[in-house]
Amino acid sequence: MFKTDVLVIGGGPAGISAALSVAKFGLKVTILEEREFLGGQLIKQTHRFFGSREEHAGVRGISIVKELKENLSANDNIDVLLGATAMGIYEDGTVTMLYKGEVRKIIPKKTIIATGAFEKYLPFENNDIPGIFGAGAVQTLMNIYGVIPAEKVLMIGSGNIGLIVSYQLVQSGVNVQAVVEAAPNIGGYLVHASKLRRQGIPIKTSYTIKRAIGKEHVEGAEIVRLDENWNEIPGTEEIIECDSICLAVGLSPLYDLLSHSGCEMKYIPELGGNVPLRNENLETSVNGLYVAGDVAGIEEATAAMLEGELAGLDVVSKLIGNEEIQNEIITVKKALNSLRAGPTGIKIRNGISKLMNMETEKESIKNNMTDLSHLKKNGTPDTVNIESKLPDDSVLLKGGKAIIECYQGIPCDPCMHSCPFGAIIKFEDINDIPKIDFNKCTGCGICINNCPGLAIFVINKDHTDATSTVKMPYEFLPKPEKGSEVDVLNREGIKICDGKVIQILDGPKQDKTSVVTVEVPKAYYGEARNIRVVACDE
Amino acid sequence: MRIGNHPILTFVRAEKVNFLYDGKEVFGYKGDTIAAALHALGIYTYSHSPVNQNPRGIFCAIGHCSSCLMTVNNVPNVRICITEIEEGMTVESQDKRGVLHVQD
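In order, the protein sequences belong to chains A and B.
Be aware that the first sequence starts at 1, since it is given in the numbering used here, and climbs by one per residue.
Be aware that the second sequence starts at 539, since it is given in the numbering used here, and climbs by one per residue.
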């Protein structure tokens, strides 16, 4: 048995942030982590994060976790127990855990639960055979252990996880046959969808999986189209050839420890299922028991880190209290609110409102002046969308200009901060859609690899009399070589012409998002948005 | 199968770890979970459901779904997706309810 000031259960982004915010005030913190390593699901997030610059936006998840771990080990007030499973919380606050094969007791003054979430399941015929994975499992196999999860994957669900994991599968050399989405619109950020479409992967909205084919292992899947009432349309069945079906149909909070300690729980579909009631500083109905991160309601890692910080600060204010902490609490809450403020944050806002018995809001069209229906259905913008981002021809003839194909207000601002010339007009809100001052844009392309959505392209229409150049981000292997001929693809991943790579930037600043400049016949500058490296003659 | 070159990640496979899978000598790399090592070897079924004997593989890979339970070093119902391989470990498929042999 031992005593600690604050016990944090779960060593993911929320737990680590909570521990850091407590320990900097000199209190003793103990983190219990079930696995042999810290970082939770953040250690397999190879993509760049959204959010604001203060919260690591534009940085890959794997780099964020590295920084968090460095901050942890630099702090002597934090004790980390790896391979430690919390088993129970008693009425007096005592926590029991299984550690190195033994049951041990901890007596903390306050406890922060940051146990994260768990993949949801989906009912369909034959859904229990090997080869059917949660999307997170596939990500674990490939990004943590470097194991190829399957050859051909069918992804179910087009939320951010489905879209991001599909993209990461392609980066690992796996074929993604299609992304299937039962809703009429794509659920995740549209920039993620567009990234995938440029790889030629179809996103089939208003489709669902009917059954898995195979006895010992997945050999295929049958999908079917849904009408506007979510009923199957007979005769629209299709067989998809695949050896894996990946479910990305949402997460549920891992709330076991909370409900058994007597926290009042409420079922909020918008937050992923059962979540604990808590006050706005994340203390639950059980005195001294806090929550942070996905266990408090499904969001993403940036929100989890902020929640961890908020819970930690409130714990400190209760234990040692001072004015300064109240100001910090206000700052963190502001950051959380602005992260959730945009049009894509409506689900979270409504979930929290329901939880707090406050009024929910209707989806507003205010933020979507442009019609995004084609983009939301297919993952590719329509011509009106595309033209809205293009400057006059006279501007395009003045040299390279950045075209930001970002149509949806999402909480993200690295492009604006990355531009050394102030050409991306300063945001009033983190959910603003970037706008360019073409007079200031030099076409340098620094913003290209800073955009987490990989949605920026620099077009130089008049490279020669007959050709234009397009600078684009590229995150696949093999990398193209300077001077080589490549296939040039459009926004749907279809080859439109041959092109020549005239420059490739791939240094530490690009951090593995290569910036490739491709020369294309002039007719194609508006469509050329991806390349395929052609195998060299052996 | 393992990933060779990756555009973002580098995989370190420094130390081989040998273990027994259903009596056969197999190997993975230090830091692998049993599930990752077996999956890399092309082994996707780890147990059969006790009643209907349906094949079971990995589902969540984070220790919560109980789909990947195996008998490890004679201990049944071990979650192989979060248990790391160790030299000389015995890993066995589990087609019945696990029985824990408690020593007197």
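Since the hints were made in silico from the structure, they are not lab data.
Please read all numbers here as calculations on a predicted model, not as lab measurements.
Where a beta carbon is used, it is the ideal one built from N, C-alpha and C, also for glycine.
Mixed in with the good hints, there may be bad ones.
[Unchecked claim] A few chain A residues facing chain B, derived, Cβ under 10 angstroms: (1) 133; (2) 144; (3) 147; (4) 172; (5) 215; (6) 355; (7) 358; (8) 359; (9) 362.
[Claimed, not checked] For lysine to aspartate or glutamate, the following EDC-like pairs were computed, each having C-alpha atoms within a straight-line distance of at most 16 angstroms: (10) A:100 to B:622; (11) B:568 to A:392; (12) A:435 to A:487; (13) A:334 to A:36; (14) B:554 to B:630.
[To be verified] Okay, the calculated bits of chain B under chain A, using three or more residues with CB under 8 angstroms as the criterion: (15) 545 to 556; (16) 625 to 634.
Evaluation of the provided hints:
1. 133: holds (6 angstroms)
2. 144: With a closest approach of 8 angstroms, the residue 144 of chain A hint holds.
3. 147: holds (4 angstroms)
4. 172: Status holds, d = 5 angstroms.
5. 215: With a minimum Cβ separation of about 8 angstroms from chain B (threshold 10 angstroms), the hint on residue 215 of chain A holds.
6. 355: Violated. Min distance 23 angstroms.
7. 358: Result: violated, 32 angstroms to nearest chain B Cβ.
8. 359: Result: violated, 35 angstroms to nearest chain B Cβ.
9. 362: Where the cut-off is 10 angstroms and the nearest Cβ of chain B is about 35 angstroms from residue 362 of chain A, the hint is violated.
10. A:100 to B:622: holds (14 angstroms)
11. B:568 to A:392: violated (58 angstroms)
12. A:435 to A:487: violated (30 angstroms)
13. A:334 to A:36: This hinted pair is violated, its Cα atoms lying about 34 angstroms apart.
14. B:554 to B:630: Violated, because 20 angstroms separates the two Cα atoms, which is more than 16 angstroms.
15. 545 to 556: holds (count 5)
16. 625 to 634: Since 0 is below three, the answer is violated.
The earlier numbered hints that this structure contradicts are 6, 7, 8, 9, 11, 12, 13, 14 and 16.
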